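There are 2 protein chains.
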Amino acid sequence: MPQPIDDPACGHGAHPERAPFAAPSDQALESAAAMLSAAGDPARLRLLLRLAEGERCVSELAQAEGDKLATISARLKLLHTARLVKRRREAKHVHYALNDDHVLRLVRNILDHATEDAP
Amino acid sequence: MPQPIDDPACGHGAHPERAPFAAPSDQALESAAAMLSAAGDPARLRLLLRLAEGERCVSELAQAEGDKLATISARLKLLHTARLVKRRREAKHVHYALNDDHVLRLVRNILDHATEDAP
Chain A
3 MPQPIDDPAC GHGAHPERAP FAAPSDQALE SAAAMLSAAG DPARLRLLLR LAEGERCVSE
63 LAQAEGDKLA TISARLKLLH TARLVKRRRE AKHVHYALND DHVLRLVRNI LDHATEDAP
Chain B
3 MPQPIDDPAC GHGAHPERAP FAAPSDQALE SAAAMLSAAG DPARLRLLLR LAEGERCVSE
63 LAQAEGDKLA TISARLKLLH TARLVKRRRE AKHVHYALND DHVLRLVRNI LDHATEDAP
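Those sequence lines, one after another, are chains A and B.
The first sequence runs contiguously to residue 121 in my numbering.
The second sequence runs contiguously to residue 121 in my numbering.
No lab work stands behind these hints, which were simulated from the structure alone.
This one's a predicted model, so the numbers in the text were calculated from it and none came from an experiment.
Check each hint, because a few of them may be wrong.
Covered stretches of chain A, going by a simulated chain B footprint (3 or more residues, C-beta under 8 Å) [what the hints assert, rightly or not]:
id, region
1, 28-42
2, 54-64
3, 107-117
Sample of chain B residues facing chain A (criterion: CB under 7 Å; computed from the structure) [claimed, not checked]:
id, residue
4, 30
5, 107
6, 115
Here a beta-carbon is modelled for each residue, glycine too, at the ideal position from N, C-alpha and C.
Go ahead and model the full structure; you've got the sequences and the hints to work with.
Dropping the structure here:
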């Protein structure tokens with residue numbers, strides 16, 4: 003696609019504006035990108051969708067997904083490292099849930115977008 | 003982390019439930035994952051943040067980011083392929099904007115989450 007390399011002025015005044023963002027710190031930006039990247043895989047996103055319905059233990063998720071416990075655990079570990087999910091241990095079982103409502107909204111929002119705009 | 007491989011039953015009744023998700027199609031799931039993955043890079047996420055303030059042309063973004071037009075164009079192309087941004091051409095200039103309010107909410111939401119929870 004040709005770019006306007008010869009004339010950087012484009013008459014910015016024509017652009018409708020929203021309120022400016024408070025520039026996030028580099029750390030917040032890196033952290034947000036890591037979250038998106040962790041969620042940006044169909045198998046991991048499907049796990050987030052299941053957790054959007056409520057807390058689940060690893061064995062439930064493995065059963066629902068038809069995958070091995072080790073496979074599910076590896077995906078959950080990645081999601082946990084990115085702080086998209088939280089976990090709690092109860093006796094022998096590890097229960098996972100979405101970390102907070104931001105993650106719930108993220109998952110709902112992206113699926114709405116993908117579903118509406120699917121080509 | 004040890005997993006409950008010997009006892010798959012965990013007493014699901016204890017899990018608080020939310021409304022079940024309508025299972026998305028494989029295509030919607032792939033598309034959503036591709037969007038998250040495209041946004042899941044600090045440099046591309048920063049572009050989305052700038053576009054969250056309003057429409058911008060490529061040269062403005064290049065100037066704001068202190069990067070070459072070609073670099074910015076490559077990032078925008080990837081975001082466009084993932085349908086996170088839309089573009090319109092006006093004379094020699096190409097103007098980019100967030101594709102819709104879902105993307106605006108996605109960007110705001112993930113930054114809120116990252117900023118609140120920054121370790």
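Structure-inconsistent hints, enumerated in ascending order: none
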